[in-house]
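**Q** Read top to bottom, the protein sequences are chains X and P.
The numbering of the first sequence is the working numbering, which starts it at 1 and goes up by one.
The numbering of the second sequence is the working numbering, which starts it at 1001 and goes up by one.
The reader is advised that the hints may include incorrect statements.
[Claimed, not checked] Pairs of lysine-lysine residues, derived as DSBU-like cross-links and limited to a Cα-Cα distance of at most 30 Å, are as follows:
{"no.": "1", "chain 1": "P", "residue 1": "K1261", "chain 2": "P", "residue 2": "K1093"}
{"no.": "2", "chain 1": "X", "residue 1": "K76", "chain 2": "X", "residue 2": "K65"}
{"no.": "3", "chain 1": "P", "residue 1": "K1141", "chain 2": "P", "residue 2": "K1261"}
{"no.": "4", "chain 1": "P", "residue 1": "K1196", "chain 2": "X", "residue 2": "K65"}
{"no.": "5", "chain 1": "P", "residue 1": "K1196", "chain 2": "X", "residue 2": "K53"}
{"no.": "6", "chain 1": "X", "residue 1": "K107", "chain 2": "P", "residue 2": "K1141"}
{"no.": "7", "chain 1": "P", "residue 1": "K1226", "chain 2": "P", "residue 2": "K1360"}
{"no.": "8", "chain 1": "P", "residue 1": "K1196", "chain 2": "X", "residue 2": "K107"}
{"no.": "9", "chain 1": "X", "residue 1": "K76", "chain 2": "P", "residue 2": "K1196"}
{"no.": "10", "chain 1": "P", "residue 1": "K1141", "chain 2": "X", "residue 2": "K76"}
{"no.": "11", "chain 1": "X", "residue 1": "K65", "chain 2": "P", "residue 2": "K1141"}
{"no.": "12", "chain 1": "P", "residue 1": "K1141", "chain 2": "X", "residue 2": "K53"}
Keep in mind the hints are simulated off the structure, nothing from the lab.
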Amino acid sequence: MSTAVAEGVFVERSDGVRLIAGRRKADGEMRFPMPRGADAQFYDSVELAPVGKLWSYTVQRFRPKTPPYIGADDEKSFRPFAVGYVEFPGQVIAEGRILVDDPSTLKIGLPMRVAIEAFPTSTRGEVATYAFRPV
Amino acid sequence: MTDVHIIGAGIHPFGRHPDMTGLDQGVYAVREALVDAGVEWADMQFAFGGSAAAGSADAALPRLGLTGVQFINISNGCATGGSSMLSGYWAIKSGEFDIGVVLGFDKHPRGAFNADPEASGLPRWYGETGMMLTTQFFAMKIRRYMELYGISETSLGRVAVKAYENGARTPHAWRRDPVDLDTVLNSQMLSDPLTKFMFCSPAEGGVAMVLASDKRMRELGLVGPKVRGAAVRTRPRGSFEVFAPSLDVERGVAPTVLASKAAYEMAGVGPGDIDVAQIQDTESGAEIMHMAENGFCADGEQESWLADGVTSLGGRLPMNTDGGCLACGEPIGASGLRQVYENVQQLRGRAEGRQVRDAKLAYSQVYGAPGLSAVAILEA
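Produce the entire structure from the sequences given, and follow the hints as far as they go.
**A** Structure representation (structure tokens):
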């Protein structure tokens, strides 16, 4: 598999892919991704459950602007993709791309599993990023 | 303590103006505001101004006059205009100054804004993989709201239809042609459930106000709406904001709810007292959610309000009477001040073709990145 889009964002375990979040030591507030740099010392690293529930979603119908978007596609070859928030109960609500053939089948509350998506970029070749897929 | 009044208001029409810079439009608006009040730039004791993408506001100084006036550049995301307004209000309220100008202008390229993840304290991959778009955020916020409170796509369409109807009656609006409901609903889908005609576009424009103390206004023999309340608030924990890779499972209120409460308290009035309101309508869903966040109706009530035309001209509480962001476009630095400008026109009985009869109390609320809201309440 290609390299990860960034270090420490997700990890593969025997029961599936897990996102790596941070829990603030002072008050337990959770955030994804786990903060890096100077802020990291205030957080404990926490792996999120491999399955959650769809909290909200949309479909990105036009090609996002570059920068910051680095998809290998162009205006012509761009294919709309779904994106949404998944709630991991008792943990956090995290945003990600959604792997689904027909976005009209998406519904709030739908169980979603964290997956790995091969994402072709214009700058770094193909990278592995996380995504959500209906269970 | 002294009261603060708006004694002059000027605007450069919103839209696209290939022959003018953003600064040109800001300077134009200041001159209009000064003429409107019948005062000179040399009389100004302070100025607060800003733009998000068109340079430093104090670049206006060589053109308006190098009088040595205290000029402070304001940069506060989408609430830049609202923050200039609030700064001018405090300057006079504190007793330090009697008269000054607040201004905002902008000029953006076409299409959705380019976002810089690092400037927002976010990892680069968030933008690289196509998730850092304001349009997505608005779509996902209204999608969930629709599900929770039974808002229909028709209601989203009605907000846009109303905006273009009002824009057609407003000289400073950009979109001056009415658009029917079918066209709105069937236009290109940009970010489900929001279509092209439900989104505002980045645009250009400039707005300025002359503010004065009670005392100075009387000395000048002028009248003008009184600022009854003004507040800016930022995102509290648990609010759902633009550019958020994650959200708290325990949900909280939006910054608009906080800014709104603070402004009502300052003004000593409630939502039921307001006669006309300009609220942030970056897209149709935002106006719907802001109707409730500003306290005008309960969550879900928007469905019947829009069907019954409560917020249309001639309704009980007309909203976005100049067509709002949908019809005027959104030059970030000027947008919040445009709302105040429209309220000044309404309160002075100058909103020809769209005048709300006997408007005494006018409300404005601007919301935007990175999660802040500014509210101003004016009294005729």
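**Q** Below or equal to 30 Å on CA atoms is what counts here, so check P:K1141 against X:K53.
**A** Holds. P:K1141 to X:K53 sits at ~16 Å (cutoff 30 Å).
**Q** Is X:K76 close enough to X:K65, meaning Cα to Cα at most 30 Å?
**A** With a Cα-Cα distance of about 14 Å, the restraint between X:K76 and X:K65 holds, given a limit of 30 Å.
**Q** With a cut-off of 30 Å on the C-alpha distance, tell me whether P:K1196 and X:K65 pass.
**A** holds, 17 Å
**Q** Compare the distance between the alpha carbons of X:K76 and P:K1196 with 30 Å, and conclude whether the hinted pair is satisfied.
**A** holds, 19 Å
**Q** Can you confirm whether the C-alpha distance between P:K1141 and X:K76 stays at or below 30 Å?
**A** Between P:K1141 and X:K76 the Cα gap is close to 29 Å, so the pair holds against 30 Å.
**Q** With a cut-off of 30 Å on the C-alpha distance, tell me whether P:K1141 and P:K1261 pass.
**A** The hint holds at about 22 Å.
**Q** With a cut-off of 30 Å on the C-alpha distance, tell me whether P:K1226 and P:K1360 pass.
**A** Holds, at about 10 Å.
**Q** Sort out whether P:K1141 lies within 30 Å of X:K107, counting only the CA atoms.
**A** It holds: about 14 Å lies between the C-alpha atoms, which stays within 30 Å.
**Q** Given the hint that P:K1196 pairs with X:K107, does the C-alpha gap stay at or below 30 Å?
**A** Since the Cα atoms of P:K1196 and X:K107 sit roughly 23 Å apart, the hinted pair holds (cutoff 30 Å).
**Q** Straight-line Cα separation of P:K1261 and P:K1093 no greater than 30 Å?
**A** holds, 20 Å
**Q** Starting from P:K1196, check that the Cα of X:K53 is at most 30 Å away, please.
**A** Holds. P:K1196 to X:K53 sits at ~29 Å (cutoff 30 Å).
**Q** Given the hint that X:K65 pairs with P:K1141, test it: the Cα-Cα distance must not exceed 30 Å.
**A** holds, 21 Å
In this structure, every one of the numbered hints holds.
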